[in-house]
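Using the hints, put the two standalone chains together into the complex.
Chains as they are written, first to last, in my numbering: chain A, 258 to 766; chain B, 220 to 544.
Careful: at least some of the hints might be erroneous.
Quick list of in silico lysine-lysine cross-link-like pairs, DSSO-like style, CA-CA up to 27 Å [said to hold, decoys possible]:
| # | chain 1 | residue 1 | chain 2 | residue 2 |
| --- | --- | --- | --- | --- |
| 1 | A | 397 | A | 413 |
| 2 | A | 389 | A | 413 |
| 3 | B | 342 | B | 430 |
| 4 | A | 481 | A | 498 |
| 5 | B | 432 | A | 607 |
| 6 | A | 314 | A | 584 |
| 7 | A | 584 | B | 430 |
| 8 | A | 584 | B | 432 |
| 9 | A | 413 | A | 314 |
| 10 | B | 342 | B | 432 |
| 11 | A | 584 | A | 741 |
| 12 | B | 521 | A | 607 |
| 13 | B | 383 | A | 607 |
| 14 | A | 607 | A | 314 |
| 15 | A | 741 | A | 498 |
Hints are computed from structural coordinates only; laboratory data are not their basis.
Just so you know, these numbers come straight off a predicted model, no measurement behind them.
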Amino acid sequence: MVDVDPSGVEQPLLRMRGIVKEFPGARALDGVDLEVRPGEVHCLLGQNGAGKSTLIKTLAGAHQPTAGEILIDEEPVVIADPVAALRLGIATIYQELDVVDGLTVAENIYLGHELASGGVTRRSEAARNTRKILDRLGHKEISPHREVGSLPAAGKQIVQLARALSRDARVVIMDEPSAVLDSEEVGNLHRIVRELTADGVAVVYISHRLEEIRQLGDRITVLKDGRTVAESLVVADTPTKELIQLMTGRTVEYAFPDRPGVAEDADPVLEVDGLGLGNVFSDVSLTVRAGEIVGLAGLVGSGRSEILETIYGARRATSGTVRVGGKRLRSGAVDAAVTAGIGLCPEERKSQGLLLDEPVYRNITLSTFSRIARGGLLDEGAERAAAREQVEALDLRPAGVNRNARTLSGGNQQKALLARWLVHGCRVLLLDEPTRGVDVGARAEIYNLIRRLADDGAAVIVVSSEIPEVLGLADRVLVISDGKAVHEGSAREIDEHAVLDLVMEGSVA
Amino acid sequence: MSARSGLTGPALRMGGLVLALVLLIVVGVATGGERFWSFGNLTTILSLAAVWGVVAIGMTFVITSGGIDLSVGSVLGLASIWASTLATQYAAEDYGWWVIAVTAMAVGLGAGLINGLLIAYGKVPAFIATLAMLAAARGLAEIIAGRQTQVVEVDAFFDVFQAKPLGLPVIVWIFVVVAAAGWFLLNRTTFGRRTVAVGGNAEASRLAGIKIKRHTLYLYGLSGLAAGIGGVMILARTTAGSSTNGSLYELDAIAAVVVGGTLLAGGRGTVTGTVLGVLIFSTLTNVFVLNNIDSSVQAIAKGAIIVGAVLLQQWFASRERVSTT
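Bound conformation, chain B alone (with noise of 0.2 Å):
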């Protein structure tokens, strides 16, 4: 079997995936009619999407390469507490509302940095390490915050972020130009076919001459970072930075990542899978809420949707193995 004939395994798994939403897009206009199928309502899926999808799309690149980063929902939360604390604040008003998102950013990348030091030049397991950052950083955002919410003052910042370039909130563009610039950098830089090698066969990529520990500090860089941008779309979003910003964004993160078809495994990612894993989840979310289903009902429904998802795959992947064969 040529690789390019008919309709192969990623083209009818991203098929499989954009049927889905479009289902739950039949159902939410089924049960909730105009008050689903609005521009406000899908302005308002789109923007829960937007945190989430960031953080997700730098969860891609960890997961492809065969790792993990569990410390992504605590290092949101600690960018956003950092990048809203009255100095921060003060600081914006003198020169300007770029010092908090530079802030947010900077927090972001250096807890992810870490998270690679440990990983890579340390042995720690990705698992053990970004547990811990997922622990030690939320704790620092608490001492930080002092268990407050701050609030964000600073009119300017405001300024840029709520205006609405053609209608969509600027947290859905910077959710559209991250989730292009993760997929071009996965599909067409070196930068991405290293993150597929190490994670199909690391040994063999360290062997072949690839520098995996640097390769691996970078990964975990830019999960970081990825988690420091939603600091501050969270801002944007809330106005107010909160200690408790982003609990439990790393499981939904990882949900949609192994969703949209990334392998767990590593060795196969995909940036689009993961915009439409966290389109399907957010669009579940709402349809739940809007038909004031319990928010429990909703979880079961998750649980359901990765387990049925990841079955989904193994039956693709066998077939798969036994067509090459």
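This is chain A alone, in the form it adopts within the complex (with noise of 0.2 Å):
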């Protein structure tokens, strides 16, 4: 048991100073440090895209930084693949719990170094080993041969944290270890992590749940934009005030066009009616009239993209309705609602919305072409006079229409998915994270032409994990916590910590 005293003087287990990551076209990480001492708790905030994941796998070895140096007990390191970071003894337990469920307990434990005599499995010695580690974790109650895929997922994270300890880890990384589990697991969660550290076990923890960094952390380091805005801040000693303040302070500005307002008589064209998706969201109503944008803010998991393709019919709804124009769609019957005029830009481009080795007039007619088609028989003229024009008017470039969608940046990218809603014609516009991997440039463009299609009398709903991107592009706001709505009003009204306030105090664990 080692002695911790978080103000204390003490060498730190691991250190990283100035580390940055480059990747083609974006500076992921840009000046990070950070320092772990044994024994401790630290934090490690920020919002979506600060950096977090970046700085995860570059300790875990996934990543090579482009700059900086990481030193363990004062040496400095290079982690050049995943092994490399477990011989140095950091563990990491990613967000998406990465087990093999179709090994058992055992198995997945010593899965990449298994204890073998000639090729030969030692069953019995490593589950000796197993219910041991599990026994230290407080889990005698997990059998060494049960299969993984049938235990929940709080169960996968002992799993994980076991292979950790058996690896000997000196530093175990969580990334949103809480994510997954319901109040009573965490409570588990928590004791076994303070148990660690009582071994002298670093743990770094990323949480979006404030509570619960007052509760188990020692020490906080806030990222932003690639970058620590403060090291090692003593929770004991700061306000949750500062902190939000630390992760919201802007460096980059976005430029959002005007909001003309909406006539309090326009017609509702979209109407959400206590919409409810098992387990995930329940109970979301909401009116979007002509002309109106509405933004949906909350963090990752909240429950945001499900809500979107749950209106459009992707997924069915177990509660609710949705009425287009007054008349009630189908649940569950994407057809439908594109009939009924109805267009998603969903979040995961790539898989969700192109056909990337198709030329971009395809992509842009695939909601239209049967439309465009005479009895049947394709005109694929017709096809690219619709897509060359909706090219030049949303400036999408380069402007050929006979290249692969593959070779557009992302921004040309969700400018071809919004020209397909535009052929099309659309009374309701669903945007998922219409800007993610799209550049600072580019975005401008994609907020004007998001806020024309809403003049054009167009009902357009936004979400993005962007709390500013949200208040700055929306006329009203709704937050999104837990799957539930908690607040609605003029986006106006309401600001980026006030917003955090709610989806943060909201969802304490």
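Next comes the structure, spelled out in structure tokens:
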């Protein structure tokens, strides 16, 4: 047991200095400093896109930093690959629980470093060690021979922790471990974290839940736009207000188009009433009038995207109704939604939106080629003309409609998706993260475009993880937390801090 | 790089297939001389290609959409048996030869639609659903035929199918018509566009409002129909229905489709490539037979061609990806 005094001077176990990570066209990390001492819970805080995931992957050996140094016990090290990270005693527990469902608990724990003699696994020894580790984690009830696929999320997390311990990890990095757990399981997780730190293991803990950080954390490092903006604040001495200030103080300002305001008597185009989807979200009601942009603000996993997809019929609602122009839509039928005039630009452009190896014009006319065709015969000339018209109107570059969608940049791919619904003609547009992967220059263009669509009479819903984007673009905002709308009001009357307060305090574990 | 400059991927691939076919013909002429390069022998090659080709064109659609149909050989056998039962033959004597053709096509279409229902609405993986149909259709054919060969004795049927317009057998003309119709359907109609779109990205197609379940049903129906047409053609060629008709045709069809350049993962399909693939394999078979080479050696050569073609495809694909990024 190591004595920990958060304010005392002690040799750090892990130190990162001036870490920079560049990807083609983007700088994900731009000078990150982090210092972790043995036996502490060090919380990493930052908004989506602040660089937390990239930082973790750098520590786990999945990414190589472009510049900067990593020191373990004050010795510079190179973490060339995930195996090297484990050898240095750094274990990472990712949010998406990466266990092999078809193997047993013991097999998972010794995956990649099987106990074996001449290729034959020493099963009883593995089981014995596994039992010992599980015992240490306080989960004697999990059998080493149980198939991991049959465990609940919390159990899988235990298996991952056990795997880290089997490697004698000195630093355990946990990426939003509580996100997949219910409150009882969260309590158990906290107990395990405390026991680990009592043994001198350092835990780097990432969470959006401020309450949790208060309960568990010793010190906090805040990231914003790829930089460390505050290093090793002592949790007990730092008020929540200051943390939110640190997370949000922006350096990049976006230009948003003017909001002309929506007439009180404008027709409601989209009416959603009491919509619910299993235990993902429930009782969501909203009305969007012609010319209005409604923003959904909330954290990743709060149910925002699922709300859009359910309105669109891509998921079958378990309760509630969706009406377009007063007419009720069949639940769970995308084609009915499209016919009624709803268009969706999905979150994952590449996997949900585009045919990457097909020409741009066929991507733009994917929802309309049947209508443009005559008697089942394609009219590619008319398709190209319709696509070309939108390409010019949206200033999509490069302008050729015959090149493959794969060759376009993120911003131009987004324009191609918008063009799809412009050709189709939409009364309701659902936009999920319309500026994800879009560079700053092109963002302003996308914002103007969305506003122009609304001005032309469309009812628009925008989902974004970037709260300033939602507040700057939308007329009205719904704040979503844990699958519930916790606030609805004019976008001008609420600021980023208030939204963050709502989503973070609203989801206390 | 513009999509239209120079010799692009698809043109290059077609060029490669034509070159391979020409090389095979050269080898045929060099080793077989007159025996190979005669109207009679070329007709033999085309007749061999015809049944196989029609089945492979149906398969092209299924594979382009990202699916697979393992049942086509068995369905072809079942169609040929059902269309040559005594009952069907009596009906054909009474009403006309077309009863045989319609019966075979209806059986094929029905089996295909059952595949489609299972895959689209039952969410059974295509591999499993059509594997089950492969087994079941063959079994049903054996029961109906009682393991006997059913000789067709409807004269009107052979009057039609033994005619030789412009010197070529009717089944070769059927192949030509099916190939032309298939090309048109894939490249010029909304049905074809949907097929490519679903194969390229099923989720994006669904979210764009395409009814992908219904389309999947149609696709397997189409493949079954093609197998049914193949059943009629095999009756015309061999004059008898047998429950072993069409054995392993599914593998030959898949091989021709893949060698022709249709992506097994879906999203890109070519009827022209499939036709060339079928011609390459049937010419190869013919050259081997003329030279009295063991059929086992022939099988090895076929395997080598399939692997070679797929390796070439991947090489082309990786080159294209480099040149467009």
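Evaluated hints:
With a C-alpha separation of about 14 Å, the suggested pair residue 397 of chain A and residue 413 of chain A falls inside the 27 Å cut-off, and the hint holds. A distance of roughly 17 Å separates the Cα atoms of residue 389 of chain A and residue 413 of chain A; the hinted pair therefore holds under the 27 Å criterion. Of the supplied pair hints, the one linking residue 342 of chain B and residue 430 of chain B holds, its CA atoms being roughly 15 Å apart against a limit of 27 Å. Distance hint between residue 481 of chain A and residue 498 of chain A is fulfilled; the C-alpha atoms sit about 16 Å from each other, no more than 27 Å.
Distance check on the hinted pair: residue 432 of chain B and residue 607 of chain A sit about 22 Å apart at the alpha-carbon level, within 27 Å; holds. Restraint check for residue 314 of chain A and residue 584 of chain A: the C-alpha separation of about 48 Å exceeds 27 Å, so the hint is violated. With a C-alpha separation of about 21 Å, the suggested pair residue 584 of chain A and residue 430 of chain B falls inside the 27 Å cut-off, and the hint holds. Restraint check: the Cα-Cα separation between residue 584 of chain A and residue 432 of chain B comes to about 25 Å, which is no more than 27 Å; the hinted pair holds.
Straight-line distance between C-alpha atoms of residue 413 of chain A and residue 314 of chain A comes to about 20 Å, which keeps the hinted pair within the 27 Å bound. About 10 Å separates the Cα atoms of residue 342 of chain B and residue 432 of chain B, which keeps this hinted pair within 27 Å; it holds. A distance of roughly 25 Å separates the Cα atoms of residue 584 of chain A and residue 741 of chain A; the hinted pair therefore holds under the 27 Å criterion. This hinted pair does not check out: residue 521 of chain B and residue 607 of chain A have alpha carbons roughly 37 Å apart, beyond 27 Å.
Restraint check for residue 383 of chain B and residue 607 of chain A: not satisfied, since their Cα atoms lie roughly 52 Å apart, outside the 27 Å limit. Among the hinted pairs, residue 607 of chain A with residue 314 of chain A is consistent with the structure: their alpha-carbon atoms are about 23 Å apart, no more than 27 Å. The straight-line distance between the Cα atoms of residue 741 of chain A and residue 498 of chain A is roughly 24 Å, inside the 27 Å bound, and the hint therefore holds.
Violation of the numbered hints given earlier is confined to hints 6, 12 and 13; the remaining hints are satisfied by the structure.
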